[in-house]
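S.K.: Sequence:
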Amino acid sequence: MKKNIYSILRGKFLVSDDSFKNWRIIIFISFLAIIMIASSHSADQKVYEIARLKNEVKELRSAFVDGRSKLMRLKMESSIIKKVADKGIVISEIPPKKIKVKSQD
1 MKKNIYSILR
11 GKFLVSDDSF
21 KNWRIIIFIS
31 FLAIIMIASS
41 HSADQKVYEI
51 ARLKNEVKEL
61 RSAFVDGRSK
71 LMRLKMESSI
81 IKKVADKGIV
91 ISEIPPKKIK
101 VKSQD
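Under the numbering used here, the residues of the sequence shown are numbered 1 to 105, in order.
Please note: incorrect hints may appear among the correct ones.
To be verified - Ranges between beta-carbon positions, derived for each pair:
hint : residue 1 : residue 2 : range
1    : D44       : I80       : 46 to 54 Å
2    : P96       : K75       : 18 to 26 Å
3    : K54       : L14       : 48 to 56 Å
4    : E59       : I99       : 45 to 53 Å
5    : F13       : D44       : 51 to 59 Å
6    : S92       : A51       : 25 to 33 Å
7    : K54       : V15       : 25 to 33 Å
Since the hints were derived computationally from the structure, they do not count as laboratory data. Ideal Cβ placement from N, Cα and C applies to all residues, glycine included.
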């Protein structure tokens, strides 16, 4: 039992006659480890990208709501009256009348 442990620790399995099998397994496991590490990094990058995009969506949504509220304030009749009062335009005292056109058949 001690000989097997010492031979593994000293690396005799890498230089023995049938070491080609061992090297193939070691290279295969190393290749799998590299693929696993690359996949993990890729997943981390996607998580960071998703978090960044969520923050951007929140910012754009708040900008949209702010712009919409400003537009609603600008469309109000009182704000329009104030803006056109400088040009001398006032609200008519007489309400509008509906014009009906009769077709001549």
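S.K.: None of the hints should be skipped; say for each whether it holds.
M.R.: Consistency of the hints with the structure:
1. For the pair D44 and I80, the supplied restraint of 46 to 54 Å holds, since their beta-carbon distance comes to about 53 Å.
2. Range check, P96 to K75: about 19 Å between beta-carbon atoms, so the 18 to 26 Å window is met.
3. Look at K54 against L14: about 49 Å separates their beta carbons, and that is inside 48 to 56 Å.
4. For the pair E59 and I99, the beta carbons lie near 49 Å from each other, so the given range of 45 to 53 Å is met.
5. The given range of 51 to 59 Å is broken by F13 and D44, whose C-beta atoms sit roughly 35 Å from each other.
6. Between S92 and A51 the C-beta distance comes to about 56 Å, which lies outside the given range of 25 to 33 Å.
7. Roughly 54 Å separates the CB atoms of K54 and V15, a value that falls outside the hinted 25 to 33 Å.
Of the numbered hints given earlier, the model fails hints 5, 6 and 7; all others are met.
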